[in-house]
Amino acid sequence: MILDYPYMFLSVVVPMVISLVFPFVDMDKKAFATISTVLLLIPLAIVSWLSIIGGLNEPILDPIFFRDPSVGTFSMLLDSISAPLAISIGLVTSMISWYSLRYMEHRFEEMEEEGHKPPGWGVYYMLYILFSAAMMGTVLSTNLIEFYIFLEISLLPSFLLIAFYGYGKRERIALLYLIWTHVGALAFLVGSLVLGLNVGTFDYFNPVRAVANLGLGEQLPASIITPVFIAILIGLFVKMAVFGVHIWLPYAHAEAPTPVSALLSPNLIGIAAYAMIRIAYVLFPSEFESLAPYMLGLALLTIIYGGLMALAQDDFKRFLAYSSVSQMGYLLMGIASVTAIGMAGAILHYAAHAVGKALLFATAGVLITQLHGLRSIGKMGGLAPKMPITASLALIGFMHITGIPPSLGLWSEVLILAGVSNFAVAINQFFWVVLFLLVGIGLSTAYSFITMRRIFFGHPSEAAGEAKEAGITLLGPMIIIAAVGLLLFLVPQLLVDPMIRALESLLG
Amino acid sequence: MVNYAILTWLVPYIGAVLALVFSKLERVRDVIAALALFISALLSTIVLQEVISSSEGVIHVSYPWISTFGVTFGVYVDSLAAFMAFIVAWLSFLIGVYSLKYMEGDPGLTRYWFFFDFFVGSMLLLVLADNLILMFMGWEGTGLASYALIGHWYTDKDEKCVGDVGRKALGVPMWFSPSHSGLRAIVFTRLGDVGFIAAIGAIYYFTGTLSIPALAENVAGWAGPLAKAGVLFPFLLVFSLGAMAKSAQFPFHEWLVTAMTGPTPVSALIHAATMVKAGVYFLLRFSPIFMLAAHSVPGAAPQVHAYFSAIALIGGFTAFFMATQALVARELKLILAFSTASQLGYMFLALGSAGLIAEFPMGFLAGFSHLMSHAIFKASLFLAAGAIIHAVESKYIDDMGGLSSFMKATFLAMSIAALSLAGVPPLMGFWSKDTIIEVAKESEMFLPFFFGVVTAALTAFYSTRMVVRTFLYEKSHNVEHLEKEHELHEAHPLMLVPYLVLALISLIGGLVWPIYGPELLSEMVKSVLGIEEVFHPEIHLDIGLLATSLVMVFLGIGIAWILYQTGSGRSAVISITENPVGKALYNFLYDRWYLNSIYYIVIVGGFAALSRGIFKYFDSLIVDGFYHKFIPWITERFSTLGFKYFETEVIDDTYHDRVVRMFKAFGSAVRKVQTGLVNQYLVMFFLGLMLILLYLLWVG
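Chains as they are written, first to last, in the working numbering: chain A, 1 to 508; chain B, 1 to 700.
Misleading hints may appear alongside valid ones.
To be verified - Cut-off 27 Å, straight-line C-alpha distance, at most; resulting in silico cross-link-like pairs (DSSO-like, lysine-lysine):
#	chain 1	residue 1	chain 2	residue 2
1	A	LYS117	A	LYS30
2	B	LYS157	A	LYS468
3	A	LYS169	B	LYS616
4	B	LYS101	B	LYS157
5	A	LYS468	B	LYS160
6	A	LYS30	A	LYS468
7	B	LYS101	A	LYS379
8	B	LYS24	B	LYS101
Source of the hints: derived by calculation from the structure; they are not laboratory data.
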């Protein structure tokens, strides 16, 4: 279905444009927060509404809003594959925008005490909206260049958010983040340019015929197919922070201001996993299939490695960052199965991880605001009696990332593992894969529940003495995110059925 | 029409949610939570009645849920599921009633009721589910509830711990706080669940369905290729991994021992009567299907045979291994926990043997009836233990003794239930355990049979020891002290009635077993999925075997009686434990064969060291160092070296100059970047972006 007007494009661009005036207006912080939350609810409302009216049974497209003979066409695409991402991004970014108000209040006070004078509320919310809306744009794109431009637009504000409001050596870490993501982006861009210029279009999805340009990349001269594919893959791997190129993530995600961590960790990096399907697989299906067993190995390694590293952390945010590395392994694992259920599981796990990791980073933020900047897990303990709601929300967060019902994570875990089992049986490696899964999932369960215990249970720590529950301004948005995760558990078929059907037809 | 079987598991979930909703109205909340259990129990009765009276004996309803993945929202109730649900639902209700009194005044009661009802819903769901994913969901739900309830008293006060505070074995602490125990439970059981779900995935790959009845109908579809590849045996083990972990079979048994940190009703319901039986239920549900595979799939028989042998061996060993630890335990609940794992071992032994004998249903029923009788008498024992611990304010049997005169009804209930556990005729436990030993003998595997027989004596010993040390023996100082304060009295009726009723069922059920047993058994096996032949159970006693097992039982009881109820016996106990060999053996058993310590040293310690070591030497030093130290350093070196090289030695001046300028610019740019001025990064970034855009325009 092609819409009459580019509603999706407008829902992404209008908030961006409006936000550009923020630095120049003098408004109360509450007004900024409210406007920003409302602006970010617009794309959420649009994608939710479009998902509901069409039931996600056919692709919904904006009319083409840019066309160029060599670049191709720019449109925006909402289908069963992009919808779970778009909805997660809409949900998390709007709720965390509300959450930011109280958190950043605390952060501003803290920075002023340290003698810094960071740019004010207008700049914060401008950057926040640019970052959030650009992620939405990336996910809805249909063209490599369009994808790349939105990705760039998301990187710049997130870089500045870290540089302005982050922790520790924030400027150095912001730069490190910028360079790393550009190394990835550059590899991706080079691959895309070679591809697009040779085959004559950058469209990975044809908005006129409403089908994916399956196998487009394999029209390249045989000698450059693999290098181009590898370049794109490397770009996505860096973005996803799989084992070997993961090292930037713990720095950036741990030291970013916490609301930004809550967006970076689940929302931004997972987009690369989405691009693995939407771009890498679509353009190079047979190359992809031939590399799939190795990707499965890499995924298992990433799960185990990320889990081991998470166990070694004492800083709660750094712990969550390594957990994200491990979680990206799960996404990659589902994708590497090259089965409709495994890939659907990966996409669904993007949503489950968005809910779970947003809750957990928000928990870290609650602890930071309530316990005077405390991030060291070793100094926490026994907080549950004082902060029962926070503890429950954190538990729901951990349930989402470990796949325990009644959380959406159960479905994504089941689908991913079913897909991987299918693939493992097909390549005759079932028992090896089970063995590594035992270690990997064992580690994920262990680090989650060990941390839950270290923070919330046991003898009351010194920190627990004066701890008290945060107010509605921090917990309200968290409760909404958690509720969505639990409600989606009951109706997974709304997302999963159309997604599996679409992936089945894509995989042939 | 509303389906009662679906409601049976749905109602407790609704109760759980309502408990949250009414958290502020305490009495209303408690009553609603218990009422939901009562309704569910009534529904389960209706369902059982429907299944027994209907001609095909099966209720199968299913609605699509995730249709592209074959997940349905439905129930498959054959005689197995119907009886199981009936037992689970009624036990849950009785234990719920007990909780009303036992947990009164606990500050975390909303949480308690939420997870209690959530557990019951999940347990019934896993029993009644018509497809593997739904079953898995219930399975995981019980795990979550178990985790939460084991750690109910999560502030980890010393008196809520299991084990002797301060005791170490091989340097590893041997006392476990509630939050630690909850963690152990969820990690141990989820390890097994990985195998379960991976196997479900593989079955889906072969058959394209997740329906449980379809697993039986299309047995060749999935077992065929696996048998052909020669991997059916390991595959079945992987599939059963979740069952082994859930039912605390060796080597996954450790979590159940420390699960005793949970409130006693929780130990009774989840860690004795129901959830730990989920693994046995798994075997009851699927082993008939494995037998179908052995009969109908070419080449499968020897592999299925190997599988059943492994199950029998694991079960037999667990029965023996855990019973030895119960011999010396000093905490009342720990004796019962070891005993539970040991009895679960018996059930595994029964089902393993079932696959090795001519009449599979006989072994099947041995396991199933022992599951039932154990659920009843063990729930009774735990609930009674809760009342006793409550009364004497100590978990140690050393602080008990001589309680029979204060708690007569409790003494009666616990004695009956303990005799049933010990396998004394004519109690229910006798009938079911004896059949297990019989099928173990018929399986012609020596070791499991041997374990089964020896364990009979051990069970009788520790059961007797437990009752004697609690109710008879001499009064401990603690009891004398409490007596003076007039604090010892019988339990509140809300607590007493449930365990007394259960003990009496165990007695009466045993008395009428020879008359009604066969009929009941034939109803239980009537419509079980995968058992196609008609089976007429009968009670026949193998005299030689009966004599052996009775000798074992009375030997155990006699020795325990002499050691703990006579003066000379007591001094013998003291001299045995003071003798170096005796002491070493005592410590070996008391510290659980040192297996817990070995797990902590090897696995926990291993992973912790691996995690710290890799983080320190690989992640921080090599990976971080390579990208963030070495690469910047080498870049800088190249830049300076190249500068020098060009300047001093190579090429002619004009050409030279331009390159130098370029490098200089590069160098100063690098230096500027390192000054950390954000504005400059921005400019650089925009320039980069512009270049790309320019390039695109140029291309266009």
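Status of each hint after checking the structure:
A C-alpha spacing of about 20 Å is found between A:LYS117 and A:LYS30, which places the hinted pair at or below 27 Å, so the restraint holds. Note on B:LYS157 and A:LYS468: the hinted pairing holds, with a Cα-Cα distance of about 21 Å set against a maximum of 27 Å. For the given pair, A:LYS169 sits about 20 Å from B:LYS616 by alpha-carbon distance, which is consistent with the 27 Å threshold. Under the criterion of a C-alpha separation no larger than 27 Å, the hint pairing B:LYS101 with B:LYS157 is consistent with the structure, at around 22 Å.
A threshold of 27 Å between alpha carbons decides the hint, and for A:LYS468 with B:LYS160 the separation of about 25 Å falls inside it, so the pair holds. Taking the CA atoms of A:LYS30 and A:LYS468, the gap is about 24 Å. The hint holds against a cut of 27 Å. Only pairs whose Cα atoms come within 27 Å are accepted, and B:LYS101 paired with A:LYS379 is rejected, the gap being roughly 38 Å. A threshold of 27 Å between alpha carbons decides the hint, and for B:LYS24 with B:LYS101 the separation of about 18 Å falls inside it, so the pair holds.
Against the hints set out earlier in the document, a violation occurs for number 7 only.
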